[in-house]
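Colleague: The primary structure of each chain is shown beneath.
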Amino acid sequence: MRTLDVAKIKEAVTELCLKANFELRQDILRALKVALKKESKIGARNILKAIIENAKLAKRKRIAICQDTGFVSVFLEIGSSVILTGGDLATAVNKGVEEAYKKGYLRKSVVDDALLRKNTGTNAPCIIHINLVEGDRIGIIVSPKGFGSENKGAIKMFKPTATERDIINFILEVVKNAGPDACPPFVLGLGIGGTFDHAVHLSKKALLRPIEFRHKKKHFRLLKKDLLKAVNSLGIGPMGLGGKTTALGVNVEEFPTHIAGLPVAVSISCHATRSAERTI
Amino acid sequence: MIPINITTPLTEKVRKSLKAGDEILLSGTILTARDAAHKRLHDLLSKGKSLPVNLKGTVIYYAGPTPPRPGRPIGSCGPTTSSRMDPFTPELIKLGLGAMIGKGDRSDEVIQAIKKHKCVYFLAIGGIGALLSTKVKSARAILYKDLGPEAVYKLEVKDFPLIVGIDSKGRNIYAKSGRKKK
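Each protein sequence line maps, in turn, to chains A and B. Residue numbers for the first sequence follow the numbering used here, beginning at 1 and rising by one. Residue numbers for the second sequence follow the numbering used here, beginning at 1 and rising by one.
Only chain A is shown next, with the shape it has when bound in the complex:
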């Protein structure tokens, strides 16, 4: 057994919130550069160049990549041989978020009640997902997500007999509806299978993987490829002003499901898709 003070987790959450908001993910940056090579339209090229320049400036000056520094989700993978000491885990994680948003001059975008809408002033609370795994390590992924794109996510409970074409058509409609509002080029996270709620959770997890991630199942690799091609044929382009790059990448997370169903969830994420991770 290994004992670990929750203060260490708090520190890591703070560090990861700052990193995610100031440093654009390397896989996203690579994809933007590839997209720039493919685009011929001058307007689209200028937007991609501005996005890349923005990422450099944000990192150098420690200014948030985007002013919507998001609602924070924290994904914890806790080894079952770890004993946590020093207090409550959820409190520590939330304190970590609060500290980052204060120290990093990040925007506090959380209201305390969805209907009454008073800003909490701290960007807490965050959402914490805990997964128990083997071993004595703790994996932490912090994902602050802006709501310009969060507002555009969708789920559909398909009939089990639905085809890949049906699924792609649904996703294309979701992408079209997100259109220029959600800051394309997008990263798309798909959650396929499980239950109504779990499919959405999977779609969020899909956004955390590097976009070059190779799915271990061939039919999901094909779906990813077909979908990316179909989405980029829509012509929405950077900021919706036309171009070849409507999505930078697609990732899929899947889970067994029920004989009567086929849940498909789509999380839309903007070109400033942010996450950072660490193992302690």
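Treat each hint with caution, since some may be false.
Straight-line C-alpha distance at most 25 Å; calculated DSS-like pairs for lysine-lysine [unchecked claim]: (1) Lys205/A to Lys156/A; (2) Lys39/B to Lys118/A; (3) Lys158/B to Lys56/A; (4) Lys33/A to Lys229/A; (5) Lys49/A to Lys137/B.
To be clear, the hints were calculated from the coordinates, so they are not data collected in a lab.
Given the coordinates of chain A, work out where chain B should sit on it, guided by the hints.
Modeller: Same frame as chain A, now just chain B:
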């Protein structure tokens, strides 16, 4: 394309000269306002009260910036999604609003109001708030300070890069890229 330099306040003559797709460098004074501020302005108008800001020729920027680091005027400050402000926009345009800055498409009602009152809607590139912050020379919260990031800030900007999204004739840059009727 060579960007067109314009300065606030935006006169009707300037507004009418702009075409959808034009690249603009805007200098002068603009006010930020997003969801919560729009709701408050709307509530005042529906009670028949007057507004605490003069909208005549004013440019409203749909934005909620991050706080500034010490010694800097502002933090990251890109545009937010404009369509959320659509229900409140025609009544502000009717009161003389000069222009709006945001991202994404607008409703048919907003486009009609823009056309009728010779207003203009600018696009700023979303998700490049760090870069846009270098174009802001000063920022000061002037209204609804209790809203935190959603307060109304008065910004002085220099060469703030924009694209004309919808011009005073109602021409829409998104019309070409398969605009969906909402």
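Colleague: Tell me the numbers of any earlier hints that the structure contravenes, in ascending order.
Modeller: The structure breaks none of the hints.
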